Amino acid sequence: MVRSLYLLLIYLTIFGIGLSAPFLLTLGYVWVDIFHPENVAWDILPDVPVSFLIGTAAIGSYLVFDRQSPPRVSAITVITVVFVLWVTATTLHAIAPLPAWWKWDWAIKSMLFSVFIPFAIRSRNQIEAFIQVYVISLAANIIPFGLKTIITGGGYGTSLGLISTNSVFGEQDTLATACTLGIPLMLYLIRHTRIIPRGRLPTIGYGGLVLLTIATTIGTQERAALVGLIAAAGGLWLKSSKKLVLAAVFAAIGVAIVASAPAAWWDRMSSISEGAHDGSIAVRLKMWEWTMDLVAEHPNGAGFEAYRKSVLEFPQPLKGEPRFEYGRAFHSSFFEVLGEHGWFGFGLFLSLIGASFLTLRSVARQTRNLPGLAWAHDLAGALEVSLLVVVTCGAFISIGFQPLFYYIFALSHCLREYVRRVLNAQTATAPIESRAYSLAGP
Amino acid sequence: MIDTFAIVTTTLAVIYVLLRAAAFDRTLPWFETGETPFKSDIDAPRSNADPMQSSKTRAL
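For the protein sequence lines, the chains are A and B, in the order given.
Just so we're aligned: the first sequence equals residues 1 to 442 in this note's numbering.
Just so we're aligned: the second sequence equals residues 1001 to 1060 in this note's numbering.
All clues given are correct.
A few chain A residues that face chain B, going by a derived Cβ cut-off under 10 Å, partial list only: (1) 6; (2) 10; (3) 37; (4) 40; (5) 123; (6) 136; (7) 137; (8) 139; (9) 147; (10) 151; (11) 161; (12) 194; (13) 197.
The set of hints was computed from the structure by calculation and includes no laboratory data.
From a predicted model like this one, the values you see are computed outputs, not experimental measurements.
Virtual Cβ for every residue (Gly too), placed ideally from N, Cα, C.
Kindly produce the complete structure, drawing on both the sequences and the hints.
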């Protein structure tokens, strides 16, 4: 009860602070969306539509009090809106209507809110605050999971985080992906944090969080998490200007993992090489085969939660009778989108990822030689690595409609709009000498 | 114990970030690019102030 009352107080406090500006309510929504107080508290908040209330307040306050200089319509905006309309259309003729509307209800929130975010999050301060809130909210799960992994060694399917239900970050593969994509953002904050003043303590804090994140991903014993960690390491290494140093750091971390990982972790990871002979991988391959058959039958998509109708047949050569499994998950964001929303939906999803990558590349290119915008250049690089992680992990887990993807899409748009406004304003208002000074930094 | 520690520290940190971000939002010019705000930028709010943030926004 104390925990529930405390979280209710925190929710009301965040709501109260948010009333001073729409961007603060937007950050409050991000906290609710990542921390999930309704799943962490045991009483009161589970019965309150916390996400809906703060999300509506954020959009409403923006519409009533703000509405100035909205961002330009980008490819990301257009594709997301078309995607929202398309997934609504596919839900109308879903093969599993009831669960389809249930998933539509939460998926549509992530997608629509990602369209709204660039309207409220515009300045450097607001963009940094968004990342701080995202990372700190993630930390609420990383700290307990990471510490308990260090103490106990973790375990596949073992609930060590804050959320014990089998949803959102209660699912270990989703938690591991969210944690891994947070690593580039934590490293970014070590260099560029300003809201939390830079110093030894914040550096130790973010650095410790990176180590706990690695412990968490190892502790989940999820194979997708290992693939995500490798993708994150590869992306960070490619972006780094100190490749030798970073290679040595990664080698040291690798040695520490090898030396400390329990036998159960090695057993799980070694099963990757067994391919179709491993039970879990065999189910995935069968499920993806089933999805291709499904999309051949429903090229415009079978609607959300179509996997519930799946029937997988496993021949048993020795025993004769085949074994059947029903309602297995897609085990891949790409097959999830393809099966649920057909080829058109799949194309929109890939286009969103592509548009986001191109936007971030464009920001990085525009800010490369502007020391005053070094933070934007580094953030674009960090978000690229985060997107690489979520795409890589997403190939093996069904997170196609989780906010993990859509927050990165939204932040890409925010960052691009910020850089465009700065460069336009500098060009339009400042004389050449002061323009060069301002962009060159203090 | 560990769970409680995580809940308390992270929620308080989020509130701290929101309060600091709110304070910065009122004082920093919106497109300042340096590591610390320039005195000249703050002294010249109309040239550098956030054209997207009206007083109405701040007094919401």
